[in-house]
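K.L.:
Quick mapping for you: the protein sequence lines, in order, are chains A and B.
Using numbering that gives the first Met the number 0, the letters of the first sequence map in sequence onto residues 0 to 279.
Using numbering that gives the first Met the number 0, the letters of the second sequence map in sequence onto residues 0 to 351.
Some hints could be false.
To be verified - Below, a list of computed lysine-lysine pairs in the DSBU-like style, where the Cα atoms sit at most 35 Å apart:
id, chain 1, residue 1, chain 2, residue 2
1, B, LYS131, A, LYS14
2, B, LYS177, B, LYS210
3, A, LYS34, A, LYS188
4, B, LYS210, B, LYS244
5, A, LYS188, B, LYS131
6, A, LYS169, B, LYS244
7, A, LYS106, B, LYS210
8, A, LYS169, B, LYS131
Treat the hints as calculated values from the structure; they're not laboratory data.
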Amino acid sequence: MSVFAKPAVGWTISKYIVLALYLAFALFPLYWLLKISVTPEKLIYSDGVALWPSEVTLDNFKSVLLYTDFLIYFKNSIFVSFGTAALTTVLAAAAGYAFSRFQFRGKKIIIGIMLITQMFPLLIIIAPIYRIISGMGLLNTLTSLIVVYTAFNVPFATFLMQSFFDGIPKDLEEAAMIDGCTRLQAVRKVVFPLTLPGLAATLGFVFTAAWSELLFAIMLINSNDKMTFPVGLLTFVSKFSVDWGQMMAAGVFALVPSCLFFIFIQRYLVQGLTSGAVKG
Amino acid sequence: MSNIELREISKSYGDVEVMNDINLEIQDGEFIVLVGPSGCGKSTLLRMIAGLEPITAGDLLFDDELVNELAPRDRDIAMVFQSYALYPHMDVARNMGFSLEIRGEKAQIIDQRTQKSADTLGLKGLLDRLPKALSGGQRQRVAMGRAIARDPKAFLFDEPLSNLDAALRVEMRLEIAKLHQRLGATMIYVTHDQVEALTLADRIVVLNEGKIQQIGRPLELYQSPANLFVANFIGSPTMNIFDVKQVGAELQLVNGALIGMSGGGAAVSFGIRPEHIAIVAQDKGHVVGTAEVVERLGSDSNIYTQVEGLGQVLIRHHGNTELNIGDKFGLEFNVSAAHLFDSDGIRLTLDK
Ligand SMILES: Nc1ncnc2c1ncn2[C@@H]1O[C@H](COP(=O)(O)OP(=O)(O)O)[C@@H](O)[C@H]1O
Ligand SMILES: [Mg+2]
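Okay, chain B solo, but in the shape it has when bound (with noise of 0.2 Å):
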């Protein structure tokens, strides 16, 4: 068990600076989710703490020792790739107890050791296989077998399940959870899926362009987002975003209503997130909508509203809709809920 620093860390390819000043304290047993769109350094801060990938400059502590220079077989972490890199030629147990052989280990505590962790993740069937003869999802649970073999320091998962079918994807997230529970260790978790993040994560760095754009608990992003960046990328349906400009005492939306709400001068743009959108009656709310598109997925409703001068506007309402398409009627926002950004995207807090 260990805890995890990151002091001022970037990256450079040649003239490349994919990841810029990245600052991050870990904490013992801590579950860390990385998370931003494809391309924007996970996979390359990840590999850097692995010690697969130099780190151009910065720090890198674990328990306050510098490991910046440490080959990846001493800095004793697990890692658990995207594309699972089972060895070929090794049948599921061997599979698992490498690292422990490697490290000259007993071949009767492997043997222990394999035979639990194939306990652990339902392998026990399947130990003399080869991987080619393995599906998806058994080859997931090898991968996953041989990081928790040994007793790490942490574990590294690089998209783990983005190869996985939904229905697997949502099984084997919970057995992740299940196994941070139990086995109270430091996990790094790698995703691009923002639903993975919010439902697995103590805490969650948002990446974008190699910079970090936020840490925070899962409901502190979804409710303070640092910035547009941030509103946008997580909740899901994305959350709403207009254009606003000072009237007075109130902002005003482009097509001229007003939102009942000050934006001390700096805010140019006003987020509202699908579910904070009421439907009510024409003459009330803040703007006129025509629904274009209803989704019904049984629990809510996705109503893909058009609103004059002001472009498409989501609504997510709770349970089923009686509207339908064609149909005329009122939004009101919650503008409690409600989020405003200055001309830097950055989010303005306000005194409510």
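If we strip away everything but chain A, and leave its shape as in the complex, we get (with noise of 0.2 Å):
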């Protein structure tokens, strides 16, 4: 039989077996958030671990929208993962096509620096972030927020651009320098265009990252009207209760900014442009 005749119908089947367990697994906990969001209040206990709830509701997103705060968290915390996920990208690119190109003095210092700032817990660090922050009369601001996630996702984004510029060979830039480009034009015509899936995916994976983060987002904040997302949930816990259905609800409101952006990155995400570059 060749190696490229048509796979066994028993082969494919299996395939799909698979990716739909492993899909299954991965999806579960977000249907069970999008299922509690519909799910009126008075049936969360008494449908129980029901698939689907016996009667379904938008009052938890109305709620959530019209009588919370929500709308607030969610707007703060766009700012922040916008504003962090670009200013990251920014500061990692430039550091990362240093890395990457120039042999300088202390190259090796900053790297190993860098990694060492990879390796402490956060919470043994919050307490000087917090002096710190508040010494620059940071504390209750986005600001602060947007400079503690940048910092933190700087080290990281940086290998993952070295990386990317790694992968771009160095005679590329060198041919357009010799074609007439100054080293700038060359990084902006060349390496840039090329670099796309790169920048897409540090975007994307601090982006997230500053999202979802919470640990500071308490420590740094205190007011209701500068809370992002995360800490926002946390007020749907009252004392004696949980707001289980507008939490959920909210919850589904704060999945659709991530599903936009990687909607739209994931163009760029496709590797392969360089292929073509080099040999034959």
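Join these two chains into a complex; the hints should help.
P.N.:
Here is the structure:
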């Protein structure tokens, strides 16, 4: 039988079964989120573990939008996450390019220090960070979150960007410079278009990290109008009860920006743009 | 068009000196080939001329003007990379027109020039393809097209054919030779392949370990190599080299055979090319050998011969040979074409 013949039906089916199992496993929590969010409050406990509520309602979504501060949290989160993602990606791209292309004094030490920053559990540096932010007069501001998130994400994002730049042959920039570009032009016209997947991946990674960060958001923010979405979710937990329906409805809303963001960048995530640059 | 001069150029990476005292004057329109084994510094030298690598010491002049500090873009040279370095996100036309585009040329002129170089290189139907949709040979052509689309002062090639298969390599070699004739431009071509060097060059520069070993026309290097390195490197198959010592008025091989020439006391090595050894009867000739391996190439035959007390000797016989493995015969050296080298490996000039 030729290796290019159509695979046996059994083989195809089992592939789909495995994929389906994986998807079910990965997506089930999201499904449950959705299910609870459309379940009327009175049925949450009585319906138990049924896969679909006997009655469906959009009340939870309505009350989240109309009677809670959810929209404020949401807006704050968007601002912080986009700010962090953009700032981090710009810094990481610049640093990653330098690490990838230039030899300079102290390069190894700088890389070492950046690695060390990744080794500490966040918990032990919360107090010093709090002091620093308070000293800068940034407590209870969204800026403080952007600064802290950026600081924590830049090292990893830099390594990520560096590996993308390493994947782009140096010859391409050199060819561009011989063709008449300055180094900056070469970066803009040749390297940048080829790094789009890398930039998209970095943006996405940092955005998601900032979007779901809770620890610093709790520590550094105390007024309701500055809360980001993960902190805001906690307001659905009152002393004696948890409003599951509204919490889950808010969670569903929170998924939307992440989904949109990844739909937008996924075409840049598709690799293989550099294939064909060198050799045959 | 321009002439290029290198004066006492050297290059170090940190404490490691990789290039030392390079002097070379390249005339306008000349085809210079830099040849040498891998790692000898050919690419480094080419990249210094291109401005991609800083020059540690010495002067680089284009048309008598010092250009050491000039950025690559201001040197007005074109370069074909070993990897081709085609811009993967631009189609063939834009790849070829890119340098004109960057220099702010009018779209109409860019189009004209791109069309013309595409014609020259047989790339007409491929102009709107991306590099990844091209074969290796086509990519190589695009890389050349990119160089000729503008009219640079000089062309630099860094092993441009080493990624092609043998047949394509021969074909492109011919095209490069034609291109040079038509454009009459100064070209500097780097290769480790001595056949490319011998066939393309007006003058060859042989490099080893960051030093120039010899500069000369192809036949000059073949006929009068300056030293053992060049003697070994140029010519295929390689020259046979034997130790000799002066005994009376004649040189003697280590197996005791006399070779009928004098080295004036300084000669310690005797070099004879495979094509300068004749096969004669056993009782004639300088030494006797036994055929070990016979390669029949059609136009020529290579006979690997074992000579007692001397080791393996390669003979190249024009045309086919009747010899078979195990046959014994005499080897006669054509001493007028042989070379003698002193203890430093420098070739001795003989008064024949
Ligand atoms: N960036 C570098 N740092 C240190 N040494 C280098 C660097 N680039 C090249 N070299 C050294 O310089 C020598 C010449 O290299 P190269 O010019 O690439 O050789 P070739 O092109 O003749 O094969 C080699 O020994 C190589 O190891
Ligand atoms: Mg090289």
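K.L.:
A separate judgement is required for each hint: does it hold in the structure or not?
P.N.:
Evaluated hints:
1. B/LYS131 / A/LYS14: holds (31 Å)
2. B/LYS177 / B/LYS210: holds (30 Å)
3. A/LYS34 / A/LYS188: With Cα atoms ~48 Å apart, A/LYS34 and A/LYS188 exceed 35 Å; violated.
4. B/LYS210 / B/LYS244: Within the cut-off at roughly 29 Å; holds.
5. A/LYS188 / B/LYS131: holds (18 Å)
6. A/LYS169 / B/LYS244: Between A/LYS169 and B/LYS244 the Cα gap is close to 53 Å, so the pair fails against 35 Å, i.e. violated.
7. A/LYS106 / B/LYS210: holds (32 Å)
8. A/LYS169 / B/LYS131: holds (18 Å)
When the structure is compared with the earlier hints, violations turn up for hints 3, 6 and for no others.
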